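Let the hints inform the model, and build the full structure from the sequences given.
Residue-level listing of the chains:
There are 6 protein chains.
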Amino acid sequence: MVQSLNDMLVKRVVEQALGEDIGRGDLTTDTIVPAHLRARGKLLAKQPGRLAGLDVVRCCFMMLDPHVDIVAHFEDGDDVCAGDEIMRFSGNARALLSAERVALNILQRMCGIATATSQVVERVKEYDTKVIDTRKTVPGLRMLDKYAVRMGGGVNHRFGLDDGVLIKENHIRVAGGIKAALDRVHATVGHMVKVEIEVTNLEELEEALTCKPDAIMLDNMDLEQMREAVCITSARCLLEASGNITLDNCVDVARTGVDLMSMGWLTHSVKALDLSIQLEMAE
Amino acid sequence: MVQSLNDMLVKRVVEQALGEDIGRGDLTTDTIVPAHLRARGKLLAKQPGRLAGLDVVRCCFMMLDPHVDIVAHFEDGDDVCAGDEIMRFSGNARALLSAERVALNILQRMCGIATATSQVVERVKEYDTKVIDTRKTVPGLRMLDKYAVRMGGGVNHRFGLDDGVLIKENHIRVAGGIKAALDRVHATVGHMVKVEIEVTNLEELEEALTCKPDAIMLDNMDLEQMREAVCITSARCLLEASGNITLDNCVDVARTGVDLMSMGWLTHSVKALDLSIQLEMAE
Amino acid sequence: MVQSLNDMLVKRVVEQALGEDIGRGDLTTDTIVPAHLRARGKLLAKQPGRLAGLDVVRCCFMMLDPHVDIVAHFEDGDDVCAGDEIMRFSGNARALLSAERVALNILQRMCGIATATSQVVERVKEYDTKVIDTRKTVPGLRMLDKYAVRMGGGVNHRFGLDDGVLIKENHIRVAGGIKAALDRVHATVGHMVKVEIEVTNLEELEEALTCKPDAIMLDNMDLEQMREAVCITSARCLLEASGNITLDNCVDVARTGVDLMSMGWLTHSVKALDLSIQLEMAE
Amino acid sequence: MVQSLNDMLVKRVVEQALGEDIGRGDLTTDTIVPAHLRARGKLLAKQPGRLAGLDVVRCCFMMLDPHVDIVAHFEDGDDVCAGDEIMRFSGNARALLSAERVALNILQRMCGIATATSQVVERVKEYDTKVIDTRKTVPGLRMLDKYAVRMGGGVNHRFGLDDGVLIKENHIRVAGGIKAALDRVHATVGHMVKVEIEVTNLEELEEALTCKPDAIMLDNMDLEQMREAVCITSARCLLEASGNITLDNCVDVARTGVDLMSMGWLTHSVKALDLSIQLEMAE
Amino acid sequence: MVQSLNDMLVKRVVEQALGEDIGRGDLTTDTIVPAHLRARGKLLAKQPGRLAGLDVVRCCFMMLDPHVDIVAHFEDGDDVCAGDEIMRFSGNARALLSAERVALNILQRMCGIATATSQVVERVKEYDTKVIDTRKTVPGLRMLDKYAVRMGGGVNHRFGLDDGVLIKENHIRVAGGIKAALDRVHATVGHMVKVEIEVTNLEELEEALTCKPDAIMLDNMDLEQMREAVCITSARCLLEASGNITLDNCVDVARTGVDLMSMGWLTHSVKALDLSIQLEMAE
Amino acid sequence: MVQSLNDMLVKRVVEQALGEDIGRGDLTTDTIVPAHLRARGKLLAKQPGRLAGLDVVRCCFMMLDPHVDIVAHFEDGDDVCAGDEIMRFSGNARALLSAERVALNILQRMCGIATATSQVVERVKEYDTKVIDTRKTVPGLRMLDKYAVRMGGGVNHRFGLDDGVLIKENHIRVAGGIKAALDRVHATVGHMVKVEIEVTNLEELEEALTCKPDAIMLDNMDLEQMREAVCITSARCLLEASGNITLDNCVDVARTGVDLMSMGWLTHSVKALDLSIQLEMAE
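Chains as they are written, first to last, in the numbering used here: chain B, 1 to 283; chain F, 1 to 283; chain U, 1 to 283; chain Y, 1 to 283; chain E, 1 to 283; chain H, 1 to 283.
Don't read these hints as lab results, they were simulated from the structure.
Each hint should be verified, as a subset may be incorrect.
Straight-line distance between alpha carbons at most 27 angstroms, and here's what the computed DSS-like set of lysine-lysine pairs gives [as the list claims (entries may be wrong)]: (1) U:Lys46 x Y:Lys168; (2) Y:Lys271 x Y:Lys11; (3) U:Lys168 x Y:Lys46; (4) H:Lys46 x H:Lys271; (5) B:Lys271 x F:Lys179; (6) E:Lys125 x Y:Lys179; (7) E:Lys212 x E:Lys179; (8) B:Lys125 x B:Lys179.
To list a few chain U residues with every Cβ distance to chain Y over 12 angstroms, as calculated [what the hints assert, rightly or not]: (9) Leu44; (10) Ala72; (11) His73; (12) Asp78; (13) Tyr127; (14) Asn201; (15) Glu206; (16) Lys212; (17) Cys231; (18) Cys237; (19) Arg255.
Away from chain U, derived, C-beta distances all over 12 angstroms, residues of chain B [what the hints assert, rightly or not]: (20) Val2; (21) Cys211; (22) Val230; (23) Glu280.
From a predicted model like this one, the values you see are computed outputs, not experimental measurements.
A virtual CB, placed ideally from N, CA and C, is assigned to each residue, including glycine.
Structure below.
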């Protein structure tokens with residue numbers, strides 16, 4: 001079972017998104033469509049991909065019509081083909097028309113992330129390397145972006161600056177070295193906080209290992225360095241490969257034996273999945 | 001002069017984005033970096049592209065250190081090369097470290113949009129066709145996405161459902177036809193509201209033209225149909241080409257003589273521009 | 001059909017208004033009225049007028065008692081006589097008592113606006129001149145004020161600074177003249193934005209006409225000037241008369257042939273319509 | 001000294017009002033006026049009246065330009081003549097242009113309230129009767145409306161349902177009579193809460209007096225009844241006259257010897273004071 | 001009947017509290033407990049005390065599961081013994097698990113306050129002295145803290161700085177003396193505002209009495225001084241004893257004949273009542 | 001160095017707290033104290049204790065007077081004696097008077113927590129057992145409560161439900177046992193999430209150990225059991241003692257060799273530290 005989306009967060013995102021789009025009112029719909037007309041619609045896949053975010057769609061429609069009726073034929077994590085009918089719904093026509101674009105904007109992004117993640121995961125499935133995300137998400141949508149990564153079969157790195165320690169180059173320099181930084185952190189943070197540190201070469205790796213962090217990030221190392229890092233570490237802590245990992249080289253990275261490989265592009269350069277909503281008015 | 005970003009909107013977006021990332025506090029930075037340490041840094045381009053969003057970066061840093069000192073060597077709308085130093089800044093080290101990721105997340109997206117837009121605009125610059133965006137933006141960031149389009153040389157379509165009328169297929173069906181829909185709208189909306197209607201073939205175009213909308217959207221027409229539409233319309237109203245317009249076919253579309261060409265991918269499938277921030281602590 | 005009120009906006013206004021009035025709790029009601037007592041009531045007109053805002057009343061009551069039962073005998077846009085029973089309702093006694101004042105405060109203002117507007121509209125009904133409002137509304141209530149104008153038979157000018165361009169004297173001076181201002185705007189704003197410009201004499205009108213704005217506001221012109229303006233313009237763009245138009249001189253203004261006449265007093269100097277709520281406790 | 005306006009409340013109102021008007025950005029100003037242009041302006045009275053709300057104007061301008069320079073020649077509570085220059089200001093041109101309408105909308109309403117109140121207060125100045133307001137204020141602006149009443153020389157009734165007990169007819173009926181209602185309240189509320197009760201005839205007045213409320217509201221009594229009420233009460237508690245008190249009959253009401261006279265129209269039917277802002281761009 | 005809690009306030013507090021605890025999602029529950037599993041539970045007293053806040057518990061559960069089923073065996077104001085089952089509930093397992101800690105955090109504090117208050121009230125029940133609270137409450141929870149005092153049999157002092165005047169030493173000094181301060185206040189505030197003044201010795205008391213405040217606070221006087229103060233005052237206004245009143249000396253204070261005794265520790269140094277929630281999953 | 005308080009969080013708490021107390025305005029201060037009067041004051045300790053929260057006091061004053069001048073003689077984490085002057089400040093008199101109570105309410109609570117924590121820490125300082133807090137904090141103040149624990153020399157447990165996994169009895173039951181629960185969690189959560197599980201006896205401990213959690217909570221075990229648990233575990237993971245640990249028995253618990261001991265009463269049953277603010281008006 002994968003950690004699900006928090007309802008309160010979804011509502012907040014959807015409320016803000018609808019507010020942004022509808023603004024002072026949907027001029028077109030409120031002028032043309034009678035207040036009590038009913039409509040029905042379906043959500044269709046126009047290209048193959050992995051689903052993520054159906055609850056967000058539900059929430060969009062329910063925000064404008066609490067009595068909307070929704071039947072889903074798939075659920076998050078499922079793969080769909082072009083032409084698949086993902087869900088059907090019926091409800092107030094104005095609500096469906098005014099919510100349509102926002103629902104699609106969010107869903108297409110989430111499915112885009114899930115689909116890209118699932119492609120990487122599929123490629124490295126024979127290896128023990130987990131595919132993980134970064135904090136390179138869109139402002140306001142991090143929990144949605146990260147949920148989509150989970151639906152793609154990936155695993156989440158930190159959710160924010162406050163739920164784990166990741167010591168980067170700059171922190172190390174301020175602290176006066178890797179050992180100093182790790183010592184300072186270990187002396188301070190609570191027992192529920194994991195600590196990861198970034199290293200750029202094998203000397204730094206060896207220094208870091210003496211301080212027992214929970215994980216070490218290998219920053220922009222080449223495959224050969226990664227392989228050596230795995231040897232040196234021999235499972236004393238987790239190793240995360242980071243930097244320039246693509247669909248093309250991900251298998252090579254996995255083969256080095258690193259535990260985790262993180263990719264920023266999964267969330268910072270999303271290709272929206274092509275989906276559409278078809279509505280028709282009820283007589 | 002192009003419409004600038006509204007400060008109050010930028011502040012709201014930045015405040016939310018920093019809140020999302022920092023959450024209960026930046027565990028790493030607040031544990032390692034002394035409260036009053038100062039740092040300086042620079043923002044670098046790692047690939048060529050068009051700038052958009054420097055004020056958002058300023059706002060990120062100023063939100064955490066109101067006295068941060070920033071000097072920009074470029075401004076929004078400028079093109080940068082790989083290696084260019086875009087801005088320098090110095091201020092409280094914790095502030096710069098905690099704001100860094102959020103600043104980059106927003107800026108890289110905005111520059112990505114501006115860059116893609118500028119590529120299309122460049123290709124069609126010999127034609128009178130304007131490159132315009134859609135409402136396919138990321139929830140909460142519409143004004144930033146649309147500003148980036150402007151910085152790329154594009155022009156904005158509607159900002160939301162409330163600042164213009166765009167009658168789509170579903171609205172037409174409810175109203176009982178193109179003429180009925182346009183008549184209803186013209187009888188109702190104020191004199192400051194523009195009205196556009198979507199048509200899918202040339203018969204619909206002719207019907208629409210009799211009702212004098214401000215613009216007509218040619219939905220997914222092929223080049224031949226567009227050319228005919230331009231002839232039929234003979235400048236009686238604006239024509240917008242929409243659907244499947246890419247960097248590859250945009251010149252063909254422009255050549256048809258349509259006034260506007262809208263592309264959803266400019267904002268729904270953004271490729272982040274590669275930028276980085278380098279920090280170093282002041283002694 | 002007239003553009004209806006947006007539910008989300010109404011809820012936000014009502015929630016804020018109830019919060020302002022109830023504050024830390026209704027001391028009188030919560031001390032005297034048992035928590036589960038039920039009451040019924042009616043909303044009565046104490047003077048003749050035009051209705052606007054019944055949904056706001058519904059929303060006030062429902063915010064405090066989601067199960068309140070409401071039957072309306074009239075709807076927005078109807079005219080009522082003194083003594084007419086507008087709606088009946090029954091629900092939790094505390095809810096009705098605590099919401100009563102806020103419901104009336106909003107409704108009486110909206111009906112006041114609708115009634116004043118309908119009086120102007122009635123007077124000029126034989127002419128083609130539309131009665132329009134301004135941005136001189138009460139902070140926080142613009143959408144309610146403007147909806148009330150629609151219910152009075154009027155039409156809305158801009159909803160805010162962001163959904164249309166209105167170039168005033170100061171803008172013209174900055175731009176360096178009417179033509180310069182209009183050229184700058186036309187070169188910049190999107191195709192969905194209407195452009196109006198203010199002129200104070202007939203020379204300015206002629207200059208403006210050469211730039212093809214969507215509308216021209218005749219600022220404080222006398223009747224003779226308006227008539228000339230209508231001749232000169234000969235339907236090349238819309239003409240809006242503005243400044244010192246009252247119930248007394250509105251017919252004269254309409255007779256000049258201007259397309260629109262705007263009146264700030266419709267919303268900045270509202271006379272509340274006299275309405276009352278009578279409650280009685282259920283046994 | 002009169003209770004001043006709370007800064008935090010003013011800021012909240014102004015922020016909301018500017019947000020409502022500016023929305024996604026001031027299209028006209030941001031398109032025509034260069035970002036760093038400076039302007040100066042003056043606020044002028046176009047008719048005589050009482051000032052209230054100058055701090056709100058200051059707040060409007062400062063919200064958009066924190067460095068705006070403002071010099072006021074009058075202060076709240078002063079009377080101005082037509083033509084008086086009330087304040088001068090200079091600052092960023094965009095800020096002044098974008099804030100102008102909101103500043104005037106609020107100020108003209110507040111001055112309208114202060115002016116009307118001062119007219120009543122002036123008429124009854126030889127009597128001991130205080131002029132007081134009601135809760136019939138505009139949603140969201142109660143503290144501004146009530147401050148304006150103070151600036152007009154009036155005194156405030158309750159600020160909301162939570163800072164005093166006012167037992168009305170319906171509460172009495174639920175409680176089972178005047179004595180029962182007052183007993184219940186006196187047994188419950190804290191010692192810092194004042195208690196007023198509404199009576200409609202002299203029998204009710206006598207019953208109420210036996211329970212020692214802090215004040216009694218004489219609801220819609222005629223002048224003869226008021227005079228008798230004053231005799232009967234002989235200063236045992238405060239008497240408030242309420243219902244249909246106008247500029248015309250206020251002296252008669254004051255002459256009856258009641259302690260307070262409340263008028264809803266002071267705030268529910270405001271006539272905006274005619275003020276204007278003249279701007280000119282700095283070279 | 002005692003003034004009940006305002007629903008809208010409770011919802012706001014609960015929403016914020018759940019948001020604070022759940023943050024980006026309940027990692028443990030959302031990972032282990034299936035989305036649709038149902039659970040039932042009971043709320044148990046583990047030590048004797050006075051109940052206050054059951055509606056807050058209801059609100060916590062309903063916020064996460066609107067369909068939760070709750071049966072209470074006691075109500076606010078009741079005394080419970082160790083082992084008593086206070087309420088039973090059944091609903092969505094995730095909702096109950098995620099809300100449990102927040103519900104207890106609030107309830108245990110409120111019951112702690114009610115219990116402490118009831119102990120003082122019980123001790124002084126033979127005297128006419130009322131037990132009252134202060135503004136020494138926890139930020140954000142004032143209305144809950146003060147409601148708990150009422151449930152303990154106490155009475156509330158001011159709810160904030162805005163619903164009554166309490167002139168303290170510093171105010172007196174600024175005004176230039178007791179009489180000056182009271183005169184200034186009486187000349188300014190409305191007729192619904194009660195006025196209390198703090199005195200530190202009997203001379204100040206006598207001076208204060210000449211100005212007829214509604215109440216006088218005897219600040220840190222000893223028992224002998226309080227007795228004299230009661231004599232001097234002879235019921236001309238209310239007397240409040242304040243400072244260092246404990247469970248041990250409260251009877252002595254009551255015996256002096258003061259009308260009110262206020263205790264900050266009732267709310268600033270709360271001992272949480274020991275309560276627990278036992279959950280079991282439904283099959 | 002200990003993790004400091006996040007400024008944005010402090011501002012939010014202070015803004016809400018001041019809003020709650022000041023409400024519609026400080027009636028007493030705004031009526032008696034001239035708007036521009038200046039005052040100076042000092043914060044005094046009236047009993048010995050550990051300081052925590054001086055920045056919150058600063059923030060309270062600065063929120064109402066951004067130019068307030070503050071000099072602190074101590075800092076967070078320092079111990080003060082009765083009579084010590086902690087800080088001096090001077091600024092606008094109204095601001096200091098209106099902020100005083102809120103500043104003290106927050107500071108006294110935080111110092112109370114820090115003082116209690118420091119007493120436990122002092123007692124067990126010869127042992128390796130860390131003193132930790134729980135989620136039993138006051139709604140809305142968790143980060144302040146937990147910071148105060150750090151200032152007392154304690155260490156923080158989880159900050160919320162989202163930054164660590166703590167598997168409790170109910171979760172175990174749903175999962176079908178300790179191993180099943182831990183397996184499910186380990187298979188799901190990211191590599192930056194620590195996992196703790198609660199056990200109630202030594203059999204459960206042994207089962208848990210086989211699954212390699214990061215920590216195990218010994219729920220309400222007696223000293224003998226704890227000692228055995230320490231033996232069995234032999235440092236394979238962290239052990240947390242929980243339940244009924246007091247100032248009296250904390251040394252005994254520490255002596256068992258557990259790594260951590262958590263105490264809910266540190267934050268759920270706080271005794272406010274006695275502090276006072278003395279103000280005097282500047283001439």
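Hint by hint, here is what the structure shows:
1. U:Lys46 x Y:Lys168: Holds, at about 20 angstroms.
2. Y:Lys271 x Y:Lys11: holds, 24 angstroms
3. U:Lys168 x Y:Lys46: Measuring from Cα to Cα gives roughly 20 angstroms; hence the hint holds.
4. H:Lys46 x H:Lys271: OK: lysine 46 of chain H and lysine 271 of chain H at ~14 angstroms, within 27 angstroms.
5. B:Lys271 x F:Lys179: violated, 38 angstroms
6. E:Lys125 x Y:Lys179: Satisfied, since the Cα-Cα distance of roughly 25 angstroms is no more than 27 angstroms.
7. E:Lys212 x E:Lys179: Roughly 10 angstroms separates the two Cα atoms, so the pair holds.
8. B:Lys125 x B:Lys179: The hint is violated at about 35 angstroms.
9. Leu44: holds, 15 angstroms
10. Ala72: holds, 21 angstroms
11. His73: Per Cβ check, histidine 73 of chain U is outside 12 angstroms of chain Y; nearest 22 angstroms; holds.
12. Asp78: At roughly 22 angstroms from the nearest Cβ of chain Y, aspartate 78 of chain U sits farther out than 12 angstroms, so the non-interface label holds.
13. Tyr127: At roughly 27 angstroms from the nearest Cβ of chain Y, tyrosine 127 of chain U sits farther out than 12 angstroms, so the non-interface label holds.
14. Asn201: For asparagine 201 of chain U, whose nearest Cβ neighbour in chain Y is about 18 angstroms away, the distance exceeds 12 angstroms, so it holds.
15. Glu206: Non-interface label on glutamate 206 of chain U holds, nearest chain Y Cβ at 21 angstroms vs cutoff 12 angstroms.
16. Lys212: About 17 angstroms separates lysine 212 of chain U from the closest Cβ of chain Y, which puts it past 12 angstroms; holds.
17. Cys231: holds, 28 angstroms
18. Cys237: The claim holds: cysteine 237 of chain U sits with its nearest Cβ about 17 angstroms from chain Y, beyond 12 angstroms.
19. Arg255: holds, 26 angstroms
20. Val2: About 32 angstroms separates valine 2 of chain B from the closest Cβ of chain U, which puts it past 12 angstroms; holds.
21. Cys211: holds, 53 angstroms
22. Val230: Its Cβ never comes within 12 angstroms of chain U, the nearest being 54 angstroms, so this holds.
23. Glu280: It holds; glutamate 280 of chain B is separated from chain U by about 20 angstroms at its closest Cβ, greater than 12 angstroms.
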